[in-house]
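**Q** Keeping their order, the protein sequence lines are chains P and Z.
Its first residue numbered 1, the first sequence is counted upward by one per residue in our numbering.
Its first residue numbered 1, the second sequence is counted upward by one per residue in our numbering.
None of these hints come from the bench; they were simulated from the model.
Since no wrong hints were added, every one of them can be taken at face value.
Lysine-lysine pairs mimicking DSBU-like chemistry, simulated, CA-CA at most 30 Å apart:
hint, chain 1, residue 1, chain 2, residue 2
1, P, 52, P, 21
2, P, 21, P, 6
3, P, 37, P, 143
4, P, 16, P, 169
5, P, 170, P, 37
6, P, 52, P, 15
7, Z, 242, P, 170
8, P, 169, P, 6
9, P, 15, P, 143
10, P, 21, Z, 2
11, P, 37, Z, 2
12, P, 6, P, 163
13, P, 21, P, 163
14, P, 169, Z, 242
15, Z, 2, P, 143
16, P, 15, P, 170
17, P, 170, Z, 2
18, P, 15, Z, 2
19, P, 37, Z, 74
20, Z, 2, P, 169
21, P, 6, P, 170
22, Z, 2, P, 16
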Amino acid sequence: MTNRPKRYALAIDTKKCIDCKACVVACRAENGVPIGKSRNWINEELHGDWPKLMGVFEPEQCHHCEEPACVRVCPTGASYIRSDGVVAINPSECVGCRYCMIACPYDARFFREDLGVVEKCDLCAHRLDRDELPACVETCPSKVRIFGDLNDPASEIHQILEKRQYRVKKREAGTGPNIYYLL
Amino acid sequence: MKTIEWQYLIVSYLFLGGLSAGLFFVSALTELFRNGDSPREKIARVGALLAPWPVMIGCTLLVFDLGHWYRFYKLFLHFRWESPMSIGSWLLMSFIGVSLLYAYGWVPGSMREAVFERLPKRLRFLGVLNRDVSGWRRPLAIAGLPMSVGVAIYTGVLLGAVQSRPFWNTNLVAQLFLFSALSAGCALLILVLAASSQKFEMHEFQSLYLLDVSFLTLEFFIVVPYVIHGELSVEAVRESLKLVLGGPFTILFWVFFMGLGLLLPWAIEVYEALPLLLRHAQLVSRVDTATVAATGEAVSILADPGEQSPSRKLHFSRGWAVLAAVLVLISGVLVRYIFVFAGQMSAIQ
Chain P
1 MTNRPKRYAL AIDTKKCIDC KACVVACRAE NGVPIGKSRN WINEELHGDW PKLMGVFEPE
61 QCHHCEEPAC VRVCPTGASY IRSDGVVAIN PSECVGCRYC MIACPYDARF FREDLGVVEK
121 CDLCAHRLDR DELPACVETC PSKVRIFGDL NDPASEIHQI LEKRQYRVKK REAGTGPNIY
181 YLL
Chain Z
1 MKTIEWQYLI VSYLFLGGLS AGLFFVSALT ELFRNGDSPR EKIARVGALL APWPVMIGCT
61 LLVFDLGHWY RFYKLFLHFR WESPMSIGSW LLMSFIGVSL LYAYGWVPGS MREAVFERLP
121 KRLRFLGVLN RDVSGWRRPL AIAGLPMSVG VAIYTGVLLG AVQSRPFWNT NLVAQLFLFS
181 ALSAGCALLI LVLAASSQKF EMHEFQSLYL LDVSFLTLEF FIVVPYVIHG ELSVEAVRES
241 LKLVLGGPFT ILFWVFFMGL GLLLPWAIEV YEALPLLLRH AQLVSRVDTA TVAATGEAVS
301 ILADPGEQSP SRKLHFSRGW AVLAAVLVLI SGVLVRYIFV FAGQMSAIQ
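Model the full structure from these sequences, guided by the hints.
**A** So, in structure tokens, the structure goes:
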């Protein structure tokens, strides 16, 4: 674990998700994400057959890994980790080689053909800098998303991860993902 | 969102970069070990003169694959040792520089003089470049040899250094690309020499055959463990191997790459060079074992075209040489196509 003053992370209470996609729309509006691309999305899994059917909705976006593969492979340093743990992209340094997209185990990045750069979720870094919540977290009507600083023992996310069981996706990729799916 | 980001431009670049590296490698190796042998001077010269161009075309393709081509200079404002692409960009630049200089060292003096004489008046200042650098051939060959290996192997490292794509994430990809690149360099030399020599005397470039047979053999023994180890590996790797074991790339991989691109040219080249190999075995048995122990000696015996008794004539024929070389070159493109596309389709589930 690297020592950063803050480690922003997201816990996701999957069972509360109703697949309304408000988070996707809020993100699109907040960050000007073009139609056809997405910084966040909702995975849908169906189990069983009708009428014994169960659907699981699992929101996903950049996992803001502790040791991100995208940052490691970036040839110019355009992909970087902020001191608060947010994995961000500096568009003025991005040459658009898309190596990071290939390196990301979560396929969380997309290419903006119009701008010639790669984009992805940055947990609304501009909002964090104003002490506001990421747009997806603020919008979610069923309170699926718990956002906070893992380094702060008083934060809701810290406390909930102490109490409840959770899993992370593709741990075997070894990047140390920071989206925690509550079980 | 899963997309295939690297496509034909990258496939072409990976092939062209490897081809240049192979050409330079073979040329430099020949120059360093030819001991004044003149037919082999031709190999070194043609290799040197061809080497810089494919990689320069390839780099142009790379630049145009970027989001905005004019941003490529930003790659050279940074050096990040953790990023294979950053290391690769600097490596490519140095390799292009050395290979251009090396090629210049092989331009015949008369041709150089003629070109500089014909310069228009406004460009006369370029006359300072009219210098004989043929004396630098050996130092440039020594300096460039590791660079060429670097360029050839880095293309595989670029793909392999990504833990999220199980199809790539093994050292064998780097090795496969290395030997495929060196073999492509050999093949292009065989092709050019076979097509251009007036009196077709294949024994002049028997060393090329021996090198290419070695590279193809190594390539074969990399592909086989790649598949076997993959099948014995974790689930993600096994899943990704299904792309070539029953998936969309199966026929391309086994029939066109392994069969027509690797085993067939290997068989042709072994058949062509068989008398040479046999003669070598005989010679070696005749020479004092102590001398043979020094590999350098063995190489010089091997390389000696010598006079052959009519009954020991080599099979060497232009048709077979061209066919084998073309097959090797096509398989060089093919293996990169398969790996670039299949790799991006593979993922940790």
